[in-house]
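*Asks:* Respectively, the protein sequence lines represent chains Y and F.
Numbers 1 to 166, taken from my numbering, label the letters of the first sequence in order.
Numbers 1001 to 1081, taken from my numbering, label the letters of the second sequence in order.
Please keep in mind that the hints were generated in silico from the structure rather than gathered at the bench.
Please note: incorrect hints may appear among the correct ones.
[To be verified] Only pairs whose alpha carbons sit at most 25 Å apart, straight line, appear in this in silico DSS-like list of lysine-lysine:
1. F:Lys1004 <-> Y:Lys104
2. F:Lys1048 <-> Y:Lys165
3. Y:Lys119 <-> Y:Lys165
4. Y:Lys59 <-> Y:Lys45
5. F:Lys1020 <-> Y:Lys165
6. F:Lys1020 <-> Y:Lys166
7. F:Lys1004 <-> Y:Lys165
8. Y:Lys166 <-> F:Lys1004
9. Y:Lys5 <-> F:Lys1072
10. Y:Lys119 <-> F:Lys1072
11. Y:Lys59 <-> Y:Lys33
12. Y:Lys59 <-> Y:Lys34
13. Y:Lys115 <-> Y:Lys152
14. F:Lys1048 <-> Y:Lys166
[To be verified] Only part of the chain F face toward chain Y is listed, based on derived beta-carbon distances under 8 Å:
15. Gly1055
16. His1066
17. Phe1067
18. Arg1074
19. Gly1077
20. Val1078
Ideal Cβ positions, reconstructed from N, Cα and C, are used throughout, including at glycine.
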Amino acid sequence: MVKIKYLFIAALIVILGIVMVTAVFPSEERRVKKQFRLLSEWVSKSTEENAFTMLQRMKDIGGLFDAHCELRVPDQSLSGSYTREEISTYAGSARSQASQLDLKFYDLQVVFPEKEVAKVTLTARLTGRSAAGERMDETRELECLLRRIEKKWLFTQIEVIEVLKK
Amino acid sequence: MLLKRVIALEGEQVEFRNGKLFVDGREIEEAYVRYPCHWNLSPRQVEKDCVYLVGDNRSMPMESHHFGQASKRRIMGVILW
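If we strip away everything but chain Y, and leave its shape as in the complex, we get:
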């Protein structure tokens, strides 16, 4: 009976250890996914957002991108290499045209085609209301490349994949 008790305690310690290690030293995949969680959080906007928060979010969004990032978004006529500052300004401008936004990412599949590079395919859904009150609901498949620079995973390419061709 005593042996079982010790075994149970040992197993509990091992499980707790694994949980602690995972929390303190997340895997690279979790680090990559965290960037998407932050992007989702910072692009999303509530109706009560004030000017200070808006400026902070713009800065935060820019910080998720590499100094230069390749965007391929044909719907929005965005195609080419954009600086971090340009992306930040564009995001701020796009967010200011909406009274409320909610960006969610689904089905993230992360692979590492080479060292310090992560390729993520996912579904992005943007819902909300424009400043004029019109409802927005857009879903797109994205393919993103992130590069690990100074221990941070930064977006270096975002491409909208054409899934349905009329």
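Position chain F against the provided structure of chain Y, taking the given hints into account.
*Replies:* Just chain F now, with coordinates in the frame of chain Y:
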């Protein structure tokens, strides 16, 4: 992930005339479409290894609806009921 109905297979010709679906020139009865629409789409052929997908909710303008052909490899599964 999108949930869409397969309305035509590879090689078939798809067309909408005033909201009515035509496949290979034959009108298809679509009892599952709840709201009438007035979409007009010129005939187009479904490419090899593709299927043509349209959602059942067609209450919005055609330009706002995500539909079209996609590779069969993208199909993840079918709905259960």
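*Asks:* Look at each hint and say if it fits the structure.
*Replies:* Verification of the hints:
Distance hint between Lys1004 (chain F) and Lys104 (chain Y) is fulfilled; the C-alpha atoms sit about 20 Å from each other, no more than 25 Å. Only pairs whose Cα atoms come within 25 Å are accepted, and Lys1048 (chain F) paired with Lys165 (chain Y) is accepted, the gap being roughly 13 Å. Note on Lys119 (chain Y) and Lys165 (chain Y): the hinted pairing holds, with a Cα-Cα distance of about 24 Å set against a maximum of 25 Å. A hinted pair counts as satisfied when its Cα atoms are at most 25 Å apart, and Lys59 (chain Y) with Lys45 (chain Y) qualifies at roughly 14 Å.
Under the criterion of a C-alpha separation no larger than 25 Å, the hint pairing Lys1020 (chain F) with Lys165 (chain Y) is consistent with the structure, at around 20 Å. At most 25 Å may separate the alpha-carbon atoms for a hinted pair to count; Lys1020 (chain F) and Lys166 (chain Y) meet this at roughly 16 Å. About 14 Å separates the Cα atoms of Lys1004 (chain F) and Lys165 (chain Y), which keeps this hinted pair within 25 Å; it holds. Distance check on the hinted pair: Lys166 (chain Y) and Lys1004 (chain F) sit about 14 Å apart at the alpha-carbon level, within 25 Å; holds.
For the suggested pair Lys5 (chain Y) and Lys1072 (chain F), the alpha carbons sit about 55 Å apart, so the restraint of at most 25 Å is broken. Restraint check: the Cα-Cα separation between Lys119 (chain Y) and Lys1072 (chain F) comes to about 23 Å, which is no more than 25 Å; the hinted pair holds. Of the pairs offered as hints, the one joining Lys59 (chain Y) and Lys33 (chain Y) holds, with about 20 Å between alpha carbons and a cut-off of 25 Å not exceeded. Taken as a hint, the Lys59 (chain Y) and Lys34 (chain Y) pair is honoured in the structure, with Cα atoms around 17 Å apart against an allowance of 25 Å.
Simply put, Lys115 (chain Y) and Lys152 (chain Y) have alpha-carbon atoms about 14 Å apart, close enough for the 25 Å limit, and the pair holds. Straight-line distance between C-alpha atoms of Lys1048 (chain F) and Lys166 (chain Y) comes to about 15 Å, which keeps the hinted pair within the 25 Å bound. The restraint placing Gly1055 (chain F) at the interface with chain Y is violated, with a minimum CB-CB distance near 10 Å, outside the 8 Å limit. For His1066 (chain F), the interface hint holds, the least distance from its beta-carbon to any beta-carbon of chain Y being 6 Å, beneath 8 Å.
Here the hint on Phe1067 (chain F) is kept, as its CB sits about 6 Å from the closest CB of chain Y, short of 8 Å. Annotation: Arg1074 (chain F) was flagged as interfacial toward chain Y, and the flag holds, the nearest CB pair being 7 Å apart, inside 8 Å. The beta carbon of Gly1077 (chain F) comes no nearer than 13 Å to any beta carbon in chain Y, farther than 8 Å, and the hint placing it at the interface is violated. A hinted interface residue such as Val1078 (chain F) counts as satisfied when its beta carbon comes closer than 8 Å to some beta carbon of chain Y; here the least separation is about 17 Å, so the hint is violated.
When held up to the earlier numbered hints, the structure conflicts with 9, 15, 19, 20 and fits the remainder.
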